[in-house]
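So the protein lines, in turn, are chains F, W and R.
All residue numbers for the first sequence refer to our numbering, where the first residue is 1 and numbers rise by one.
All residue numbers for the second sequence refer to our numbering, where the first residue is 1 and numbers rise by one.
All residue numbers for the third sequence refer to our numbering, where the first residue is 1 and numbers rise by one.
One or more hints might be untrue.
As the list claims (entries may be wrong) - Straight-line alpha carbon distances no greater than 27 Å define the calculated DSS-like cross-link-like pairs of lysine-lysine that follow:
no.: 1; chain 1: R; residue 1: Lys143; chain 2: R; residue 2: Lys176
no.: 2; chain 1: W; residue 1: Lys223; chain 2: R; residue 2: Lys131
no.: 3; chain 1: W; residue 1: Lys223; chain 2: R; residue 2: Lys122
no.: 4; chain 1: R; residue 1: Lys143; chain 2: R; residue 2: Lys131
no.: 5; chain 1: R; residue 1: Lys176; chain 2: R; residue 2: Lys131
Stated by the list, open to error - Derived contacts from chain W toward chain R, CB cut-off under 7 Å, selection only:
no.: 6; residue: Gln11
no.: 7; residue: Ala179
no.: 8; residue: Val183
no.: 9; residue: Phe185
What the hints assert, rightly or not - If you only want the chain W side, here are some residues facing chain R, beta carbon under 7 Å, derived:
no.: 10; residue: Ser18
no.: 11; residue: Pro22
no.: 12; residue: His193
no.: 13; residue: Ser195
no.: 14; residue: Phe207
no.: 15; residue: Arg209
no.: 16; residue: Pro216
no.: 17; residue: Arg285
no.: 18; residue: Leu288
no.: 19; residue: Ala321
no.: 20; residue: Leu323
Hints were generated in silico from the structure; no laboratory data involved.
It should be emphasised that the depicted structure is a prediction, and the values quoted were computed from it without experimental measurement.
Beta carbons are placed, not taken as given, at the ideal position from N, Cα and C, and that holds for glycine.
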Amino acid sequence: MLPPVIGVLFDGIAYGMLLFLLSVGLSVTLGLMNFVNLAHCAFAMLGGYVTVVLMNSLHWPFFATLPAAFAAAALASVVVERILFRRLYRASDLDQVLLTIGIAFISVAVAAWFFGTTQQPIDMPAYMRGSFNFLGLNIAVYRLFLVGVGIAVLLALIAAVDKTRFGAQVRAAVDNQRMARGLGIDVDRTFAITFALGSGLAGLGGALAIEIFGLDPNFAFTYLVYVLIIVSVGGLGSIFGSFAAACLIGISDIAVKYYVPELGAFLIYLVMVVVLMWRPAGLFGRR
Amino acid sequence: MAVTGTQVSPQTYLRSLSRWHPIEIIFWLSTLLPFWLFPTYLSLASQISVAALFALSLDLILGYAGIVSLGHAAFFGIGAYSAGLFSKFVWGEPFSGLIVGAAAAALLGFASSFIIARFRHLTLIMITLGLGLLLAEAANSASWLTGGSDGLQGVAIWPLFGIFKFDIYGTTSYAYSLAVLFVIFLMARRLIHSSFGLALRGIRENFVRMPAIGAPSREHIRKIYTIAAAMAGIAGAVIAQTTQTVSLETLDFQRSADVLVMLVLGGAGRLYGGLVGAAIFLIARDQLSGIAPQFWYFWIGILLVAVVMFLPNGILGGLSALLARWRTR
Amino acid sequence: MTPDVFTSKDAIALATHGLTKSFGQLVVARDIELSLPVGARYALIGPNGAGKTTLINLMTGMLAPNAGRIFLGDEDITTLEPQNRVRRGLARTFQINTLFAGLNPLEAVTLAVCERRGIAAKFWQNIAVHKEAIEEAYSILVKLKLGDCAYQPTRELPYGRQRLLEIALALATRPKVLLLDEPAAGVPQEESGDIFEVVAGLSDDLTLLFIEHDMHVVFRFATHIIVLVGGAIFTQGTPAEIAADPGVREVYLGTRKHD
């Protein structure tokens, strides 16, 4: 018989996996190009709405919508990057913050226009709902699935970064952009691809989040704060950092909700401020 | 307006930089117009004055010292709650409420300035965000003190000078908030044209060069941050006093984001940018909010993108560039 | 290499002992020992990437060393923050213009003078009130031939004038030791004369260390040359000794003039 705290831990990790998917793209693109993209969660929201439309209007099965969510978000990010973001890589922090917040505002308004302001329900396949008993704990099938996806993505990303040439280029560019350019690495193309991948992952995260967080037009902002916290705490440009920070934040949040609900999000914010003061570049950050 | 040409002595030249421009006089005279032209809009005008003062306080740290803060509403809210609580438990006299609001915000600003001054770029933005969120959460939890989501009950402001009541018509409110704005503005203007103002501009123009000329940048930053916090606290106190209520909105992220938008819209680093931006933002919101709220978000989004891409120095910056080009024709 | 021998009369203005700095495996400063006597005119030369600017960054406190000590006169300044080293008389100029683009030369130099006089934090009085500081700033500008563009925003000044402003800012701090990082870098031939005139006109009490690539300039101004290679002092000596040194020629690939 496992004590209930393990259940809380498991729920926290599942929550963290979702946050990881939502955050890892932002962390890598921030580390790579120092581009503050506060519209990141808008791409996640797009992925969510793609899934909703495909499932509710076109009756696609849930799993089939996931690659579509990924692709839609990635494609949208390529378009936005080419038209707008590309011009601001050398702009000030403030300009980047304002531009990307503006994009996020626009996306919220557009989502509300097309889908209304209420939550979008989707019908999970039956085998995904429900839970089973494991050593006395109630494990939700969907959360287990999330943990699986999270770990799979983490391993795939680490393998891609460590073992592929593209991954090496990303690592070089994160480490020292000028040197990477000097070596002939097309940093802009590397960044465009990384940005697309990161946004795609966010889209995937958005689709997967419907069941846990729900989906409404405010999604672009509601989770942005948590994503920013994870990125700052984990360290810019660090995949493992995002993973660790996401688990940390996920577990803290669930644990607090379970044991000390009066604290609210206080602990999370405090953790962030303290970690940033101790390690301004994040726990696993480089700069 | 600056006097150029080397015939002028350096001292005279520097003195001339702080001369009052006729447009400034026109601006301040026109703030009196609502009393006659828009008598039904005086509460809105009062809100604009408060927001203008708040934006001015942000301009000092953002436009002049280059500190991007996503949590400035913390000081606004502290000022509001302090003034409200002061009137509820101690004394309802308005001017003393202002002092209490300023003092509370200055204290918080001073304490957090030690953290703020040590960091830059994204880390700083995140820390200001985090500190603001922390305070908002704390205020929410401390509902025994703040009234929580119901807002602070029992705010009781005495009539101004014992005669002028803060009523729904807004005449007293607007006169009061406008006067406070003007007085604080004069002080801010003085600061900008002092040697300290020059040091702040130095920090904004080239942070790396400052230590190389022997400047204690961190001390300067702590000082302006505290001053800006006090100003924001005064703005918060005014809103508490003129609306006789304080809610959690006064320190939430939305307010921090809104004031940033107002300042950037008007043009940071120009002293009047926050005032112009606040007016445009609030008037537009007042007119457009009748239609769906998403409408408002859409246009703010478009506006932000447009300002960043085409008007990097805000509306005032765009106007002055236009003026410069017109002059050289 | 002839070791420098100082008589006990010569006071040392700036000295480093065993100064070392590395970034992971990359060693950028290797056990640097140098001594600048008061009034010295020393040149620091070496191939690109030798660590010359890094050495200046270490001496001014922009980089923290891994080992070693730095002395300004008798005082150990190794742990002092950059602005405090400036207050004690150690100033530098930057190889790449690090100026206040939006301020004009008068404002910039006045700011430096105000900081030195400790009046920069006064926020109630108009800046025009500080008459002596302003006049001091203006006289520095005039001396550096920047008087006629004193009211123009820095970003509008021609490059050569900006380089002069670099020096003006440093001089405004009334340094005892001045580290010049390639003062004439990138300045067209017609304008570089002004810069060297200024350097030549600097007071004899002022101790000067300058990084320079142009060997004509080095031989014209320096009484002593330090050659830095790969983060370490390769050799040092009088200009005649350095010119005759085959090792230097080999490492430095001849005395090619930089343009």
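Going down the list of hints, with the structure as the test:
1. Restraint check for Lys143/R and Lys176/R: satisfied, since their Cα atoms lie roughly 18 Å apart, inside the 27 Å limit.
2. At most 27 Å may separate the alpha-carbon atoms for a hinted pair to count; Lys223/W and Lys131/R meet this at roughly 24 Å.
3. Taking the CA atoms of Lys223/W and Lys122/R, the gap is about 11 Å. The hint holds against a cut of 27 Å.
4. Restraint check for Lys143/R and Lys131/R: the C-alpha separation of about 18 Å stays at or below 27 Å, so the hint holds.
5. With a C-alpha separation of about 24 Å, the suggested pairing of Lys176/R with Lys131/R holds against the 27 Å cut-off.
6. With its C-beta approaching chain R no nearer than about 5 Å, Gln11/W sits inside the 7 Å limit, and its interface hint holds.
7. Nearest Cβ of chain R to the Cβ of Ala179/W: about 21 Å, over the 7 Å cut. The hint is violated.
8. Interface restraint check for Val183/W: the shortest CB-CB distance to chain R comes to about 14 Å, outside 7 Å, so the restraint is violated.
9. Look at Phe185/W: its Cβ only gets to about 15 Å from chain R, farther than 7 Å, so that hint breaks.
10. Interface restraint check: Ser18/W against chain R, minimum CB-CB distance 6 Å, threshold 7 Å, status holds.
11. A hinted interface residue such as Pro22/W counts as satisfied when its beta carbon comes closer than 7 Å to some beta carbon of chain R; here the least separation is about 20 Å, so the hint is violated.
12. A distance limit of 7 Å between C-beta atoms decides the matter here; for His193/W the minimum to chain R is near 5 Å, and the interface restraint holds.
13. Given the 7 Å rule on beta carbons, the hint for Ser195/W holds: about 5 Å separates it from the nearest Cβ of chain R.
14. Annotation: interface hint on Phe207/W violated; nearest CB of chain R at approximately 10 Å, more than 7 Å.
15. Interface hint at Arg209/W: satisfied, since its Cβ lies 5 Å from the closest Cβ of chain R, which is below the 7 Å cut-off.
16. Because the beta carbon of Pro216/W sits about 6 Å from the nearest beta carbon in chain R, less than 7 Å, this interface hint is met.
17. At a threshold of 7 Å, the smallest CB-CB gap from Arg285/W to chain R is about 32 Å, leaving the interface hint violated.
18. For Leu288/W, the interface hint is violated, the least distance from its beta-carbon to any beta-carbon of chain R being 35 Å, above 7 Å.
19. With 7 Å as the threshold, the beta carbon of Ala321/W stays out of range of chain R, its nearest partner Cβ sitting at about 14 Å, so the hint is violated.
20. Of the supplied interface hints, the one on Leu323/W is violated, with its beta-carbon coming no nearer than about 16 Å to a beta-carbon of chain R, more than 7 Å.
Of the numbered hints listed earlier, those contradicted by the structure are 7, 8, 9, 11, 14, 17, 18, 19, 20.
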